[in-house]
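Sequence lines, in order, name chains A and B. Under our numbering, the first residue of the first sequence carries the number 1, and numbering increases by one thereafter. Under our numbering, the first residue of the second sequence carries the number 1, and numbering increases by one thereafter.
Hints were generated in silico from the structure; no laboratory data involved. Here the structure is a predicted model, which means the values were calculated and not measured. Among the hints, erroneous ones may be present.
[As the list claims (entries may be wrong)] Listed next, with one range per pair, are the computed distances between beta-carbon atoms:
{"hint": "1", "chain 1": "A", "residue 1": "D370", "chain 2": "B", "residue 2": "E55", "range": "46 to 54 angstroms"}
{"hint": "2", "chain 1": "B", "residue 1": "L26", "chain 2": "A", "residue 2": "E270", "range": "49 to 57 angstroms"}
{"hint": "3", "chain 1": "A", "residue 1": "S82", "chain 2": "B", "residue 2": "E55", "range": "39 to 47 angstroms"}
{"hint": "4", "chain 1": "B", "residue 1": "E55", "chain 2": "A", "residue 2": "Y212", "range": "28 to 36 angstroms"}
{"hint": "5", "chain 1": "A", "residue 1": "G275", "chain 2": "B", "residue 2": "E55", "range": "29 to 37 angstroms"}
Glycine residues also receive a C-beta, built at the ideal position from the N, C-alpha and C atoms.
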Amino acid sequence: MEVKVKILYNEFHDSILLMKVSEKIRDLEGIIDAAALMATEGNKEILKNIGLYIDEIDKADASDLIIVVKAKDELYADKAISEAISLLSKGAEYLEAEERYYTLDDAFQALRNANLCFISIPGEYAAIEAEKALELGLHVHIFSSNVPIEDEVRLKDIGRRKGLLVMGPDAGTSIIGGVGLGFANKIKRGDIGIVAASGTGLQEVSSIISRYGGGISQAIGVGSRDLSDEVGGITTLMAINYFKDDPETRVILLVSKPPSPIIAKKILEELGNCGKKVVVYFIGLREKLNANDNIFFASTLEDAAFKALYHSTGFHYSEAPFTIDKDVLHKLVEKEIDRLDKDQRFVRGLFTGGTFATESQLILGDLLNDDIYSNTPIYKSRYIHGMESKENTIIDMGAEEFVEGRPHPMIDPRLRNMRIIKEMYETNVAVILLDIVLGYGSHNDPAGEVSKSVIKARQNSDKYVSVVCSVTGTYEDIQNYREQVDKLESAGIIVMPSNAQATRLAALIATRWDASKFLWR
Amino acid sequence: MKRNKMFKKPIIISVGASYFYQALRLQTDMVVHVEWRPPAGGDREVIDILRKLKEKLNKK
Numbered sequence: 001m002e003v004k005v006k007i008l009y010n011e012f013h014d015s016i017l018l019m020k021v022s023e024k025i026r027d028l029e030g031i032i033d034a035a036a037l038m039a040t041e042g043n044k045e046i047l048k049n050i051g052l053y054i055d056e057i058d059k060a061d062a063s064d065l066i067i068v069v070k071a072k073d074e075l076y077a078d079k080a081i082s083e084a085i086s087l088l089s090k091g092a093e094y095l096e097a098e099e100r101y102y103t104l105d106d107a108f109q110a111l112r113n114a115n116l117c118f119i120s121i122p123g124e125y126a127a128i129e130a131e132k133a134l135e136l137g138l139h140v141h142i143f144s145s146n147v148p149i150e151d152e153v154r155l156k157d158i159g160r161r162k163g164l165l166v167m168g169p170d171a172g173t174s175i176i177g178g179v180g181l182g183f184a185n186k187i188k189r190g191d192i193g194i195v196a197a198s199g200t201g202l203q204e205v206s207s208i209i210s211r212y213g214g215g216i217s218q219a220i221g222v223g224s225r226d227l228s229d230e231v232g233g234i235t236t237l238m239a240i241n242y243f244k245d246d247p248e249t250r251v252i253l254l255v256s257k258p259p260s261p262i263i264a265k266k267i268l269e270e271l272g273n274c275g276k277k278v279v280v281y282f283i284g285l286r287e288k289l290n291a292n293d294n295i296f297f298a299s300t301l302e303d304a305a306f307k308a309l310y311h312s313t314g315f316h317y318s319e320a321p322f323t324i325d326k327d328v329l330h331k332l333v334e335k336e337i338d339r340l341d342k343d344q345r346f347v348r349g350l351f352t353g354g355t356f357a358t359e360s361q362l363i364l365g366d367l368l369n370d371d372i373y374s375n376t377p378i379y380k381s382r383y384i385h386g387m388e389s390k391e392n393t394i395i396d397m398g399a400e401e402f403v404e405g406r407p408h409p410m411i412d413p414r415l416r417n418m419r420i421i422k423e424m425y426e427t428n429v430a431v432i433l434l435d436i437v438l439g440y441g442s443h444n445d446p447a448g449e450v451s452k453s454v455i456k457a458r459q460n461s462d463k464y465v466s467v468v469c470s471v472t473g474t475y476e477d478i479q480n481y482r483e484q485v486d487k488l489e490s491a492g493i494i495v496m497p498s499n500a501q502a503t504r505l506a507a508l509i510a511t512r513w514d515a516s517k518f519l520w521r
Numbered sequence: 001m002k003r004n005k006m007f008k009k010p011i012i013i014s015v016g017a018s019y020f021y022q023a024l025r026l027q028t029d030m031v032v033h034v035e036w037r038p039p040a041g042g043d044r045e046v047i048d049i050l051r052k053l054k055e056k057l058n059k060k
């Protein structure tokens, strides 16, 4: 067996092209495993974990590209490396020449009526391109994370002065004029306007709205830090202002981490005076805020979507913890409990969406009466590194340590697949909790990927581990909500209608009903 | 807010990952792609020198 590496110094390719090249060379004859990636510290760590690290890689740094192959012999390894180099040089050949430009200025010369610039480049360069776009009079959506906060404030100030919206940085999703930017689902048109400082939060609320017969006018992703003290909610306030005057919007739905009291007051004042019904979900905020009576607070993403639906379509909902029939729920939980050993007590959540990781920590924390370990913990004392797990743990696999120089796990499921298998072999684990996110930008068969891993783990173990998930998506998504749910259920995975319900179910199973005392009081 | 036309009909320049450009292309014809490369081939030393030069020129 031969592990060989080729370092291409100062060569850059986007992580998605690198993922595709990796997949291609992994399938070549005589190849056991392979990866083409930028030599960031995070990627080096991953190579060590999957046994593809050799000393020669020490020489490479974040601006270098490495191709590593593990092959049956040297000949196969060399062949795979030259194939990878040739694939990289072909790069974006599949794009038609007239649609491809090399600078923003050139693209703008060709498309003078452009009104929006979508930016997905490494964070350290994103502000430069965003500023150029604003100078050209374009609204901007910055998908990139890792943009310094001073740059964010500067860009948003420029945007505000020019009357241009700066969505992001770190905005995973927006839906503008029916077009989804970044990770977005195919959502029916309607009269709910969404403002969200959370990409997956936006995806979950818009998908639930669409699945239950409602629709959206626009969904504006403002970026994860917009409601921080430093940024002051500049984009959120501009978005609210837009919806206030928009005749197509009757209900406004705001989803965000809790802002500071000063920012919260400013935002709630603006919303209170907007003359429309408003639903607000400040994720994890416990205390009651004073607000005008047109504002309704929600307790989960699903609750936020239901409340917005109620004001939009008159949709009838209850505050019950589950929407499925009580008898069905009872049988479901009993069946899972019967299959577990006494020492299987813990929940392990492996999420691709950051907001789901937070929402599940909040719900689980309450139901297990315990703080949950996480790489993005609610309480700092419960921090653990993303590669580790301990007792009840929720890992955000879209966090920085996993995505620096790598595609997001919604695009490339490989790391999570490996982690699912690893966690299912742990002795004390009762339930694996997952999110499956569909839509534009996501993998073309995320349910198939998860199912394969779960089936594989179960084949190699005598012990049963319960797997519970929710699917974020719609019947109109390219992956199709119904088909994805069917696929998961055929693999013996329990699919719940929302992340909140999936998390509650996981708690009921892991505690053998004990958590029910917190659910039905 | 300027150019509210965006909300009626977004006309998009996508800078960066070709993957997201393709996702946009599935939804609209009104999008072009900028195949972005880091300045100076991503060589941090050269980028730093360029940045300092630019700052000097701006000061002048």
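Check the structure against each numbered hint from earlier and tell me which ones fail, lowest number first.
Of the numbered hints given earlier, those the structure breaks are 2, 4 and 5, listed in rising order.
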